[in-house]
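Enquirer: In case you want the letters, here they are:
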Amino acid sequence: MHESNIRQPIIQVENLIKTFGHLTALRGISFTLNRGDFFVLFGPNGAGKTTLIRILSALLHPTSGRVLIDNCDMSECAEELRQKIGVISHHVYLYNNLTAHENIVFFARLYNVANPEKRADQVIGEVGLIARKNDLVRTFSRGMYQRLSIARAIVHDPQIVLLDEPYTGLDQHAAQMLKNLLVKLHQAQRTIVMITHNLQRGVEIGTRLAIQVKGQIVFNEYQHQVDLAGFEELYFKYVGN
Amino acid sequence: MNFFQKVWLIVWKDLVIELRTKEMLSAMFIFSLLVVIIFNFAFDPGMSYIKDVAPGILWVAITFAGTLGLNRSFINEQENGCLYGLMLAPIDRGAIYLGKFLGNLLFMLLIEIFLFPIFVVFFNLSVLQSLPLLLLIAFLATVGFAAVGTLLAGMAANTKTREILLPILFFPLVVPVIIAAVKSTGRVLNGDPMDQLAGWLQLLAAFDIIFLVVCFLTFEYVIEE
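Protein chains in written order, with this note's numbering: chain L, 58 to 298; chain B, 52 to 276.
Some hints could be false.
Heads up, incomplete: computed chain B residues facing chain L, CB under 8 Å, no partners named [said to hold, decoys possible]:
| no. | residue |
| --- | --- |
| 1 | Lys57 |
| 2 | Leu60 |
| 3 | Asn127 |
| 4 | Pro141 |
| 5 | Ile142 |
Some chain B residues close to chain L (C-beta under 10 Å, calculated; not the full set) [what the hints assert, rightly or not]:
| no. | residue |
| --- | --- |
| 6 | Met52 |
| 7 | Trp63 |
| 8 | Glu69 |
| 9 | Arg71 |
| 10 | Glu128 |
| 11 | Leu134 |
| 12 | Leu137 |
| 13 | Met138 |
| 14 | Asp143 |
| 15 | Glu275 |
FYI, nobody ran anything at the bench for these hints, they're computed from the structure. From a predicted model like this one, the values you see are computed outputs, not experimental measurements. A virtual CB, placed ideally from N, CA and C, is assigned to each residue, including glycine.
Construct the complete structure from the given sequences, taking the supplied hints into account.
Expert: Here it is, written out as structure tokens:
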């Protein structure tokens, strides 16, 4: 990647509002992320964090406002932009009755990956499941599901990685593996947006920290401007214990 | 990969899963077989009116077995949020629809291939001469059935009451196909002239084209929240 690309905006969110009937999940959210940012979003349950991720991944349309990715409005070029995004969520998006390898090859083909078989082996190896690659996914434990889900999300080498509580169900070893993978992606100048409830883990790994409460981002700063203790204090002040 | 390669990829995935689990095919086949057996006991195959009631029996068996299969066709996509996985990929929503439609069409045709000889034997029908016409009717009716059914199964999949919702939405829409299939099958079994059959075949073909186009175009709005 060219150095000149690094500080260019890659995600621009402008006055995003999302309502579900009478419920307003997002109330005018705006922020800009640069290429290579590691944005960690904290917030209590029901703050609208998952709704935000779903809009950023082109699964949901906003009620108003817009999302620009690489200066392209998501409502106009969603299909093209999906190629640049990888999503890790509560859902693992894996077929129980396909093997790990078949699952990853299937998604690699959908994402137009060159040499999908070889790439599938590579990413399955990266998440430490190569010995189980020919096993049906339904035989996997929750942690193994989540690890394979990470492989699925990065199989097309996305420019943007969106993570919604990615540590759910992971044991210590798998959590460390995920952390190492995220550091590697960050070093490769991928833009990462992660939702987590774990303040320590988020502050440790993120370069930008934000707090979302009741559909609004109430705090958004670069990580070097806050330490863990100070951030915890801020978090509970905004969230209100 | 181009549009049609992605459609085929979805069909391949559904075929591999179904051949591995046989959940959908076995349920559809057993159900349709039971319907044919029960009606076989209700109506004496030797009676003169059997050619009038047999088409209705055949299409009742296919319709209900097909509905059973359609209900299951999106179960795999619901598990682990796989439908969202497809929607996250850079793939036209129409390709997802066509992939699921072709999968459903193949499974239904497969059931019909196994069911039809059993039906013919049970009701003591002579169909050898009219077999090409019967196959054409079965194909046209199944295309229409799967076209509407795939769209509505996708819609019902996102609801908690999908087993109830699908038949309620589906049967009123697919009634023209079932009526045309029953009537045309009856005409063929009775050896009626082709000109009496042409209208029903045209209705089936028109229904197929209209509903395939409409369902292809509207699938995007049906699966998105």
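Enquirer: Verify the interface restraint on Met52(B): the C-beta must sit less than 10 Å from at least one C-beta of chain L.
Expert: holds (6 Å)
Enquirer: Min Cβ distance, Glu128(B) to chain L: is it shorter than 10 Å?
Expert: Given a least distance of 9 Å, the restraint on Glu128(B) holds.
Enquirer: Tell me if the interface restraint on Pro141(B) is satisfied: Cβ within less than 8 Å of some Cβ in chain L.
Expert: holds (4 Å)
Enquirer: Quick one, is the Glu69(B) hint okay against chain L at 10 Å, beta carbons?
Expert: holds (9 Å)
Enquirer: Classify the hint on Asp143(B) as holds or violated, based on whether any CB of chain L lies nearer than 10 Å to its CB.
Expert: Since the shortest Cβ distance to chain L is 7 Å, the answer is holds.
Enquirer: For the hint on Ile142(B), does the least C-beta distance to chain L fall short of 8 Å?
Expert: holds (6 Å)
Enquirer: Holds or violated: Leu134(B) as interface residue toward chain L, Cβ cutoff 10 Å?
Expert: At about 9 Å, which falls below the 10 Å cut-off, the nearest Cβ of chain L leaves the hint on Leu134(B) intact, so it holds.
Enquirer: May I ask you to test the interface hint for Arg71(B) with respect to chain L, counting a Cβ-Cβ separation under 10 Å as satisfied?
Expert: Given a least distance of 5 Å, the restraint on Arg71(B) holds.
Enquirer: For the hint on Asn127(B), just tell me whether its beta-carbon gets within less than 8 Å of chain L.
Expert: holds (6 Å)
Enquirer: Please verify that hint: Trp63(B), Cβ, nearest Cβ of chain L, below 10 Å or not.
Expert: Holds - the Cβ of Trp63(B) comes within 10 Å of chain L, reaching about 8 Å at its closest.
Enquirer: Is the interface hint for Lys57(B) satisfied, with its Cβ closer than 8 Å to some Cβ of chain L?
Expert: At about 6 Å, which falls below the 8 Å cut-off, the nearest Cβ of chain L leaves the hint on Lys57(B) intact, so it holds.
Enquirer: The hint names Met138(B) as touching chain L; please verify it with the least Cβ-Cβ distance against 10 Å.
Expert: This hint holds: Met138(B) lies near chain L, its Cβ roughly 6 Å from the closest one there, short of 10 Å.
This entry satisfies every hint, going by the numbered hints stated previously.
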